[in-house]
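Residue numbers (my numbering), protein chains in the order written: chain A, 1 to 545; chain B, 1001 to 1492.
It should be emphasised that the hints constitute simulated quantities derived from the structure, not laboratory data. Any given hint could be a false lead.
[Said to hold, decoys possible] Capping the alpha-carbon separation at 30 Å, the derived lysine-lysine pairs in DSS-like fashion look like this: (1) A/K26 with A/K107; (2) A/K165 with B/K1379; (3) A/K26 with B/K1379; (4) B/K1034 with B/K1159; (5) A/K111 with A/K31; (6) A/K107 with B/K1379; (7) B/K1159 with A/K196; (8) A/K457 with A/K196; (9) A/K312 with A/K165; (10) B/K1166 with B/K1155; (11) A/K316 with A/K165; (12) A/K111 with B/K1379; (13) A/K107 with A/K457; (14) B/K1159 with A/K31.
All figures in this text were calculated on a predicted structure; none of them were measured in a lab.
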Amino acid sequence: MNGLLSLLILLPTAGALAILFLPREKTGPIKALATAVAGLTFFASLPLWFARGFRESAGFLFREDLSWIPSLGVRYSLGVDGIAALLILLTTLLSVISIYASYTAVKTREKEYYIFLLLLETGMIGVFCALDFFLFYVFWEVMLVPMYFLIGVWGGPRKLYAAIKFFLYTLFGSVIMLVGIIALYFFNTTGFLWWKGLGNAPTFDILHFHAIAPQIPADLQLWLFWAFFLGFAIKVPMFPFHTWLPDAHVEAPTAGSVILAGVLLKMGTYGFLRFSLPIFPSAASTRWVQLTVVVLAIVGILYGSLVAMVQKDIKKLVAYSSVAHLGFVMLGFFALNNAGMQGGVLQSINHGLSTGGLFLLVGIIYERRHTRQIADFGGLSQVMPIYATLFMIIALASLGLPLLNGFVGEFTILVGAFLADWKWALFAGVGVILGAAYLLWLYQRVFFGELKHEENKGLQDVNLREVLTLAPLIVCCVWIGVYPKPFFAMTAPASAKIVAALDAAKGAPPALSAALSAAPAAPVPSATAVLPAAAALPEAAPRGN
Amino acid sequence: MALPFPLSDLLVILPELILSELALGILLWAAVVKRERERALAWASLASLAIAAALLPVAASFAGELPRSAFGGMIALDGFSLFFKALTLLAAAVTILFSLRFVGTSPYPGGEYYALLLLTTVGMMFMASGTHLVSIYVALELMALSQYVLAGYFKQETKSVEAAAKYFVLGAFSSGVLLYGLSLVYGATGTLSLGGVSAALEAAPRSTLLMVGVVLVACGMLFKVASAPFHVWAPDVYEGAPTPVSAFFAVGPKLAAYAIFARIFFDGFGPRSDDWAPVLAASAALTMVVGNVGALMQTNVKRLLGYSSIGHAGYALLGLLAYRAGGAAGQPEAFGLWAILFYLTAYLLMTFGAFGLVVLLEAKGYATESVDDFNGLWKRNPLAAGAMVVFLLSLAGIPPTAGFVGKYLLFSAALKAGWPALVVLGVLMSAVSLFYYFRIVRAMYLVDGEGEVRWREEPAVAVAVGLCFAGTLAFGVLPQPLIALAKSCLLP
Chain A
1 MNGLLSLLIL
11 LPTAGALAIL
21 FLPREKTGPI
31 KALATAVAGL
41 TFFASLPLWF
51 ARGFRESAGF
61 LFREDLSWIP
71 SLGVRYSLGV
81 DGIAALLILL
91 TTLLSVISIY
101 ASYTAVKTRE
111 KEYYIFLLLL
121 ETGMIGVFCA
131 LDFFLFYVFW
141 EVMLVPMYFL
151 IGVWGGPRKL
161 YAAIKFFLYT
171 LFGSVIMLVG
181 IIALYFFNTT
191 GFLWWKGLGN
201 APTFDILHFH
211 AIAPQIPADL
221 QLWLFWAFFL
231 GFAIKVPMFP
241 FHTWLPDAHV
251 EAPTAGSVIL
261 AGVLLKMGTY
271 GFLRFSLPIF
281 PSAASTRWVQ
291 LTVVVLAIVG
301 ILYGSLVAMV
311 QKDIKKLVAY
321 SSVAHLGFVM
331 LGFFALNNAG
341 MQGGVLQSIN
351 HGLSTGGLFL
361 LVGIIYERRH
371 TRQIADFGGL
381 SQVMPIYATL
391 FMIIALASLG
401 LPLLNGFVGE
411 FTILVGAFLA
421 DWKWALFAGV
431 GVILGAAYLL
441 WLYQRVFFGE
451 LKHEENKGLQ
461 DVNLREVLTL
471 APLIVCCVWI
481 GVYPKPFFAM
491 TAPASAKIVA
501 ALDAAKGAPP
511 ALSAALSAAP
521 AAPVPSATAV
531 LPAAAALPEA
541 APRGN
Chain B
1001 MALPFPLSDL
1011 LVILPELILS
1021 ELALGILLWA
1031 AVVKRERERA
1041 LAWASLASLA
1051 IAAALLPVAA
1061 SFAGELPRSA
1071 FGGMIALDGF
1081 SLFFKALTLL
1091 AAAVTILFSL
1101 RFVGTSPYPG
1111 GEYYALLLLT
1121 TVGMMFMASG
1131 THLVSIYVAL
1141 ELMALSQYVL
1151 AGYFKQETKS
1161 VEAAAKYFVL
1171 GAFSSGVLLY
1181 GLSLVYGATG
1191 TLSLGGVSAA
1201 LEAAPRSTLL
1211 MVGVVLVACG
1221 MLFKVASAPF
1231 HVWAPDVYEG
1241 APTPVSAFFA
1251 VGPKLAAYAI
1261 FARIFFDGFG
1271 PRSDDWAPVL
1281 AASAALTMVV
1291 GNVGALMQTN
1301 VKRLLGYSSI
1311 GHAGYALLGL
1321 LAYRAGGAAG
1331 QPEAFGLWAI
1341 LFYLTAYLLM
1351 TFGAFGLVVL
1361 LEAKGYATES
1371 VDDFNGLWKR
1381 NPLAAGAMVV
1391 FLLSLAGIPP
1401 TAGFVGKYLL
1411 FSAALKAGWP
1421 ALVVLGVLMS
1431 AVSLFYYFRI
1441 VRAMYLVDGE
1451 GEVRWREEPA
1461 VAVAVGLCFA
1471 GTLAFGVLPQ
1481 PLIALAKSCL
1491 LP
């Protein structure tokens, strides 16, 4: 089905343009139209789920390719693999949910609000579809503008500060990445500085760069890896680039936080999967590079969890929990093996579902009480039993209870980390325990105990619309928790391809490690060849120490 | 009496000739026209610019094979000069549209204003064509002298007069420096034609005399494009001059200055690029930092745009540094040069757009001054606020705007030419620039409360801004036609 991706990109923009021509007072039709457009986009994206090609090969489907700026070799080139398809589905789902959830939360300047949300959706889908570096960068940047307005106009008391901080942090990372993109472009053609180029025709085709990855010299790979790393690590965000996140999350309106946590952070992790790992495999699998990233990821897990524990504001607590969750994702990726990669991708989705859900829940209580301080609550389960139940489910999903999605993701990541180095898994395991601690403690303080505050006694329980926004998330959480196979199946070929590229760069025979499926990515490159060999031939001489 | 040049040489400068005649005609007409009929002068000036623009292709076709040299190598007509001439004519036309009411409601007669604007345009057109250091200098002075007067045109306004005085003193000083540098170059090479200088430089050994001459010429040029450390006049002049004139100063003279900068340094001093490149590189780095950091603290919109234009001069210098980058071995493609051509076009569109909105929105009877005047503009005039956002995004280099593509081209050219540190500095500074550009966005959309600005009913300015808006977006989404055009208009 050709043109599907363009349709997904254009639909929200078309909706935004239509809203532009509605009179500002008619908020009813504006909301209805925005929801309808987002819903339509979601249904239009469903073919991505049912496409069988993703489960069979790592190739890119739904390709579109048009000439755009021939002088530079820029093309309007779209296509998705299983990972991108899953992220697009997450995007369209969270978009419609966050638009539907904003009906009562946003009471000023509704028209612009829904326009910006729809434009944001266009940008996000575009990022996941683009197979041309230039196009990717355009979407990557364009998306910052509506988010800036969402935080800055409809945000909390410190919105002005949070909005520009978000924009500047991301921009600093992206412009460095842009330099990396330019350098890569020149390397592919005639070369630049002291790197002699490959002499190919000028192109920004991402798949072409995947193909020439082995030809990129190791030192250039290192430079470019770090240039891209900066762009993506700020977006993820990894410790120590995370400081924009709590501000942006706390000040953003509920829908903004949901989108921010659910999708925008995933662009960073997606960037690692699509660019950093496959295009610079030898840099990524260099021992000290891998160690640096893993250490940052583990620090992020532990630091994020510990800081979350001491928060007094529920939303800020959830924001810091994001830092920890994304640390897990990065740990999974940089275990550089199949289990870690698969777990990381799944955990990206899980985080979008459960953290998105938590932000929705925080928004619901904030709308009623206009406070998010933990100390202002207590005993809420007596007056809002349904709300308490929903919160419990999502919180358990987030902290990784078996049979809910978080468990599957974290467990798979821990397996991957363990195969790479048992110490990494040990530290990350501590993070899992901390995650349970801060969420359960939060739950205890907010929902149990006695109703101390007079204002809380008359609180309304959730209404049907609010349940409807949460229901799809909970269904997905349970689905992934009980039967994750379709999700793994969808991302397996794509992540296996990335791991194969990494293994090839390390010098291990790719065929063998693919056969072993979750082949241990041995920490020391020289040992890589030995480990699988030792597994295959028991009589081989053991490694020296 | 025989002319010292073939008569057909006059056809090469036909647009300039006709435009000067028309400018003088308008000056004469201004002496007799009634005050309330002055608007006719503006339309006549616009028509003159249109005639000159229409004559450009005529001149090109009469000149035959391009590049065509005329007047014994003083003037050349080539794609490069045609591109710049078209841009200057556009800049002058937009400035006239901006000025209509501004001059009309001021207590000063408008006739000389339009005549001076046309004459300065003639100067800029000659600058684009000059291939001889003397013709370049004369054209430069024609442009500059008209501008000094324009800067102080509202002679009762203290600020305006102060701006003019500053501009004049510093401008005259820098012209002196430039001239002195040219004389040293003449002393070292024995010729003033760019081709001759280039040939002499290839042959002659390196000499102190020549080095000093080249550096002094560079200093003079850096002053003209408002690059650090010769930039201090720019914010003061932009703030003090009448707003349409500031807009013109931020664009027109810079375009022409970049044209002669490129021509002198590539065609003339090209063989010695290893010597002058470090000077330009240092200035580019300093300019990007000074312009963008200086803009951070500005609360006056015109000063803010003034500092931002300094920052942009720094980016454009990257293109000059990279002029020969991009081709295969031995086949220079002049990537840097066409990047500059694209970038300057984008710069014209977005700078005029932003200044145009400043003209269009008035506070307390004057053009907007303070950033706070923009507070809450989205509510009263969503269209103007939206257009301003696009211009500011373009200035900051965020896609999908012409400013992004332009910056992208400049930075790629510089990286290709081997200036990675400057490129990294440039992209970081362009991220910094977002902060101050978005102070205006913040005022328009995020800050509650009411600013002072009112929408001025002025269709001419609105049309000009609309054109800039369309261009900024169109060349951002579909840059290919402009890139192709720029690539076909390089130095021979």
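Here is what the structure says about each hint:
The straight-line distance between the Cα atoms of A/K26 and A/K107 is roughly 12 Å, inside the 30 Å bound, and the hint therefore holds. Our distance criterion of 30 Å between C-alpha atoms is met by A/K165 and B/K1379, whose separation comes to about 25 Å. With a CA separation close to 16 Å, the supplied pair A/K26 and B/K1379 stays within the 30 Å bound. Between B/K1034 and B/K1159 the CA atoms are separated by roughly 28 Å; this keeps the pair inside 30 Å, and the hint holds.
A C-alpha spacing of about 8 Å is found between A/K111 and A/K31, which places the hinted pair at or below 30 Å, so the restraint holds. Restraint check for A/K107 and B/K1379: the C-alpha separation of about 16 Å stays at or below 30 Å, so the hint holds. A C-alpha spacing of about 55 Å is found between B/K1159 and A/K196, which places the hinted pair above 30 Å, so the restraint is violated. Annotation: proposed proximity of A/K457 to A/K196 is violated, straight-line Cα distance about 72 Å (limit 30 Å).
Note on A/K312 and A/K165: the hinted pairing holds, with a Cα-Cα distance of about 22 Å set against a maximum of 30 Å. At roughly 14 Å between alpha-carbon atoms, B/K1166 and B/K1155 fall within 30 Å of each other, so this suggested pair holds. Proposed proximity of A/K316 and A/K165 is supported: the alpha carbons are some 16 Å apart, at most 30 Å. Distance hint between A/K111 and B/K1379 is fulfilled; the C-alpha atoms sit about 12 Å from each other, no more than 30 Å.
For the hint linking A/K107 to A/K457, the alpha-carbon distance of about 25 Å falls within 30 Å, and the restraint holds. Distance hint between B/K1159 and A/K31 is unfulfilled; the C-alpha atoms sit about 51 Å from each other, more than 30 Å.
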